[in-house]
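K.L.:
Below are the chains, spelled out letter by letter.
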Amino acid sequence: MKGVLIATDFLKDVDGNFKVLETNTNINLAIADIENYFDINSFDQFIQENEITKIDIINQSLAFSNFIDLEHTNPEKKIINLFDYIFVHYSGTSITVTLHNQSENSVTVPFIEDEPDRLILRSAYDTTALIDDSYAKDNFQFLKLLYDQDSNSIPKTYISNVDFGFDSIGLNIRDNGIHPNFIIKQRFPTTNYNEYPKILKITTEEELTELKNTLPENTLLQEFIIDVNNTILGKLPTYRSVDMIYGSDLNVFHMVHPYCHTNFVSINETTDYKENGHIQVWEKPKYQQKLENKNDKITLKRYKVDDDSIIWAENNDLLTVNDITVGTQLKTVSLPNLPLDENQIPLIDYFIPYSSFTLNDITVTGTTVVDFGSINTVPFWSKEITLDNGLIFEDAINCSVLSKKSENDEIRFYRFEHIEENDTIFLVNKETEQIEEMTVASVSYQYVEETIYSMDVEDIDLYLTLNYSTDTPSYAIIQHNPQLQCDGYACNYGSYWYCSNPCGVYGYGGVFYTGCFCCNGYPYCDYGSAYYVGCSACTIKA
Amino acid sequence: MSETNKNRKYTNPEKLPVVKKTTTEEKAQLNSKVVTIVNTIKQKHL
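Protein chains in written order, with the numbering used here: chain A, 736 to 1277; chain B, 767 to 812.
No lab work stands behind these hints: they were computed from the structure. No experiment lies behind these values; they were computed from the predicted model shown. We put the beta carbon where it would ideally sit given N, CA and C, even for glycine. There may be inaccurate statements among the hints.
[Claimed, not checked] Cross-link-like lysine to aspartate or glutamate pairs, in silico, DMTMM-like; alpha carbons within 25 Å at most:
1) B:LYS781 to A:ASP873
2) A:LYS936 to A:ASP898
3) A:LYS920 to A:ASP873
4) B:LYS808 to A:ASP984
5) A:LYS936 to A:ASP910
6) B:LYS810 to A:ASP898
7) B:LYS787 to A:ASP902
8) A:LYS1025 to A:GLU786
9) A:LYS947 to A:GLU1004
10) B:LYS781 to A:ASP1158
11) A:LYS1009 to A:GLU952
12) B:LYS786 to A:GLU757
13) A:LYS920 to A:ASP902
14) B:LYS793 to A:ASP902
15) B:LYS793 to A:ASP885
16) B:LYS781 to A:GLU1156
17) B:LYS775 to A:GLU1185
18) A:LYS737 to B:GLU780
19) A:LYS947 to B:GLU791
20) A:LYS970 to A:GLU1119
21) B:LYS775 to A:ASP962
22) B:LYS793 to A:GLU757
23) A:LYS872 to A:ASP883
24) A:LYS933 to A:GLU806
25) A:LYS1025 to A:GLU1010
26) A:LYS1025 to A:GLU1119
27) A:LYS1165 to A:ASP1194
28) B:LYS808 to A:ASP873
29) A:LYS936 to A:ASP984
30) A:LYS1025 to B:GLU792
[To be verified] Computed, partial: chain A to chain B, Cβ under 7 Å:
31) ALA765
32) ILE769
33) ASN801
34) GLU806
35) ILE967
36) LEU985
37) THR997
38) VAL1000
39) LYS1009
40) GLU1010
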């Protein structure tokens, strides 16, 4: 028997009715502890009633990324995803479970012989399957199907298309108060969330008509459903139902308890718009559930300075990015045992024991810019760190800074993203050129759109950027070149992992792996599924 | 064009999505909606 997992997304309108947005295969469960959502007794019963003795799970998605699960009340408890839970549950029983992990970009699934006592449970995209290719992939087909069956089951929608076009918006302009009231989505799955969806506010029938007439090909216009009286911690929720469709009759088994998943930040009393009525970029975390460009995830991590960065030149000038060219001489420091080849060891593995460290171990010297590049106006989370003496440093979250976590004894290059209150930053005093250590008093984040830059310096891979919070910047943080990235993916339950690109290395995982630093994507796991842990969870390295 | 929230700052928890289970009533509604969707697909294709 074959089954496919689908996740169907809904919004709840102000009248309490749910409206369907889309359905997905190759799904990603944003759940911290599956035991709170998955009724194993019901699943057991399903397995017994159907006389299943073999379960083959075809998995493609990662399990989760950063979020707060209000049901996850025991932080000590190991995080476990659905398929690993099933695998462990049936271990040692008469039911065998086999996990088949698919690569990230796979569009077909392996052949597995269908048998009456075998459940082939797919959570992976299959271009040959009806639900995947017609309804999960194609929003036009999905929405048209539901519209024809019950026009109120979906948000009011406008699609201009010969085969699947309809208009349930007419000239109705939804009143969301200060909030946006329309959204433009792509027909096919979005990968660059910087570009789509486009969320906007329309106030006149003329604007609405103009928008319909100029809608780009393979996009649709939909009313933007929000209910400001229905938020979680002030954040707007989407509702997700995860179900297994199985057997030749397409029966439904409700796999997990439906859950709400909010946008990133809370709504507030104002919303900023551009002149064309689209929300400003910094408002996107209020109204979108996804923000990044999936195609540029790794590249982005190599970009570490922004327009505000003040860089210390070897001749003691203070430079901005506009002053930097290949060959520019910069001030740097020499650290004990830091290899000159930044790829000799992963940066996450370099550390200095704090207990045996003296500030004199670091000496100021020079280095040269050998490569410099930029991405224009990319949106990203910027982080501001305020030290206990009031100095403020702000940069892209991916820059790596010499620092020490408060809970351990190791000085490392931690990413800005992972530096928190009470951690220690090592700074160079511009006047004395001596190293000083200061404590982080507070951190904050902003969603910004700026040009960000990548700078490679040699022979020493370090450069110094100064605080911008005073008229005369006086202290510099110690930043490292772009380096091999800790992508923060892990394999569950002692699985062996394999990173094919670019390093081609094997390793033994466990819940927190120690060395999968070079995956351009996520690792293959020999059983269990790869899931995102972020570098902070990766034994707080990098 | 407005920029009131341009410099709005967040702590780490404030910028993270929040997840929680639906109520029992919401669960019943959503389960029913999914069955309806699948039935609609069945009517068209089976």
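K.L.:
It remains to establish, for every hint, whether it holds in the given structure.
P.N.:
Comparing the hints with the structure gives:
Distance hint between LYS781 of chain B and ASP873 of chain A is unfulfilled; the C-alpha atoms sit about 31 Å from each other, more than 25 Å. Simply put, LYS936 of chain A and ASP898 of chain A have alpha-carbon atoms about 28 Å apart, too far for the 25 Å limit, and the pair is violated. Pair hint LYS920 of chain A plus ASP873 of chain A holds up; C-alpha atoms about 11 Å apart against a cutoff of 25 Å. Taking the CA atoms of LYS808 of chain B and ASP984 of chain A, the gap is near 8 Å; set against the 25 Å cutoff, the hint holds.
Distance hint between LYS936 of chain A and ASP910 of chain A is fulfilled; the C-alpha atoms sit about 10 Å from each other, no more than 25 Å. Restraint check for LYS810 of chain B and ASP898 of chain A: satisfied, since their Cα atoms lie roughly 15 Å apart, inside the 25 Å limit. In summary, the hint linking LYS787 of chain B to ASP902 of chain A is not supported, as the alpha carbons are separated by about 34 Å, beyond the 25 Å threshold. Note on LYS1025 of chain A and GLU786 of chain A: the hinted pairing is violated, with a Cα-Cα distance of about 40 Å set against a maximum of 25 Å.
A hinted pair counts as satisfied when its Cα atoms are at most 25 Å apart, and LYS947 of chain A with GLU1004 of chain A does not qualify at roughly 29 Å. Taken as a hint, the LYS781 of chain B and ASP1158 of chain A pair is honoured in the structure, with Cα atoms around 20 Å apart against an allowance of 25 Å. The straight-line distance between the Cα atoms of LYS1009 of chain A and GLU952 of chain A is roughly 23 Å, inside the 25 Å bound, and the hint therefore holds. The straight-line distance between the Cα atoms of LYS786 of chain B and GLU757 of chain A is roughly 20 Å, inside the 25 Å bound, and the hint therefore holds.
For a cut-off of 25 Å, the pair hint linking LYS920 of chain A to ASP902 of chain A stands: about 15 Å separates their Cα positions. Distance hint between LYS793 of chain B and ASP902 of chain A is unfulfilled; the C-alpha atoms sit about 30 Å from each other, more than 25 Å. Our distance criterion of 25 Å between C-alpha atoms is met by LYS793 of chain B and ASP885 of chain A, whose separation comes to about 20 Å. Of the pairs offered as hints, the one joining LYS781 of chain B and GLU1156 of chain A holds, with about 16 Å between alpha carbons and a cut-off of 25 Å not exceeded.
For the hint linking LYS775 of chain B to GLU1185 of chain A, the alpha-carbon distance of about 16 Å falls within 25 Å, and the restraint holds. Of the pairs offered as hints, the one joining LYS737 of chain A and GLU780 of chain B is violated, with about 41 Å between alpha carbons and a cut-off of 25 Å exceeded. The straight-line distance between the Cα atoms of LYS947 of chain A and GLU791 of chain B is roughly 37 Å, outside the 25 Å bound, and the hint therefore fails. Restraint check for LYS970 of chain A and GLU1119 of chain A: satisfied, since their Cα atoms lie roughly 23 Å apart, inside the 25 Å limit.
Straight-line distance between C-alpha atoms of LYS775 of chain B and ASP962 of chain A comes to about 24 Å, which keeps the hinted pair within the 25 Å bound. The straight-line distance between the Cα atoms of LYS793 of chain B and GLU757 of chain A is roughly 17 Å, inside the 25 Å bound, and the hint therefore holds. Pair hint LYS872 of chain A plus ASP883 of chain A holds up; C-alpha atoms about 19 Å apart against a cutoff of 25 Å. About 32 Å separates the Cα atoms of LYS933 of chain A and GLU806 of chain A, which puts this hinted pair outside 25 Å; it is violated.
Pair hint LYS1025 of chain A plus GLU1010 of chain A holds up; C-alpha atoms about 24 Å apart against a cutoff of 25 Å. A C-alpha spacing of about 22 Å is found between LYS1025 of chain A and GLU1119 of chain A, which places the hinted pair at or below 25 Å, so the restraint holds. The hinted pair formed by LYS1165 of chain A and ASP1194 of chain A meets the criterion: a straight-line CA distance of about 22 Å does not exceed 25 Å. Distance check on the hinted pair: LYS808 of chain B and ASP873 of chain A sit about 17 Å apart at the alpha-carbon level, within 25 Å; holds.
At roughly 43 Å between alpha-carbon atoms, LYS936 of chain A and ASP984 of chain A are farther apart than 25 Å, so this suggested pair is violated. Proposed proximity of LYS1025 of chain A and GLU792 of chain B is supported: the alpha carbons are some 24 Å apart, at most 25 Å. Interface restraint check: ALA765 of chain A against chain B, minimum CB-CB distance 5 Å, threshold 7 Å, status holds. Hint status for ILE769 of chain A relative to chain B: violated, with the closest Cβ pair at about 12 Å, above 7 Å.
With a least beta-carbon distance of about 6 Å to chain B, the hint placing ASN801 of chain A at the interface is held under the 7 Å criterion. Interface restraint check for GLU806 of chain A: the shortest CB-CB distance to chain B comes to about 6 Å, inside 7 Å, so the restraint holds. For ILE967 of chain A, the suggested interface contact is upheld, since its CB lies about 5 Å from the closest CB of chain B, less than 7 Å. Given the 7 Å rule on beta carbons, the hint for LEU985 of chain A holds: about 5 Å separates it from the nearest Cβ of chain B.
Interface hint status for THR997 of chain A: upheld, as the beta-carbon distance to the closest one in chain B is roughly 5 Å, under 7 Å. With 7 Å as the threshold, the beta carbon of VAL1000 of chain A comes within range of chain B, its nearest partner Cβ sitting at about 6 Å, so the hint holds. Look at LYS1009 of chain A: its Cβ gets to within about 6 Å of chain B, closer than 7 Å, so that hint holds up. Taking 7 Å as the C-beta cut-off, the interface hint given for GLU1010 of chain A holds, the closest approach to chain B being about 5 Å.
Of the numbered hints stated above, those contradicted by the structure are hints 1, 2, 7, 8, 9, 14, 18, 19, 24, 29, 32, listed in ascending order.
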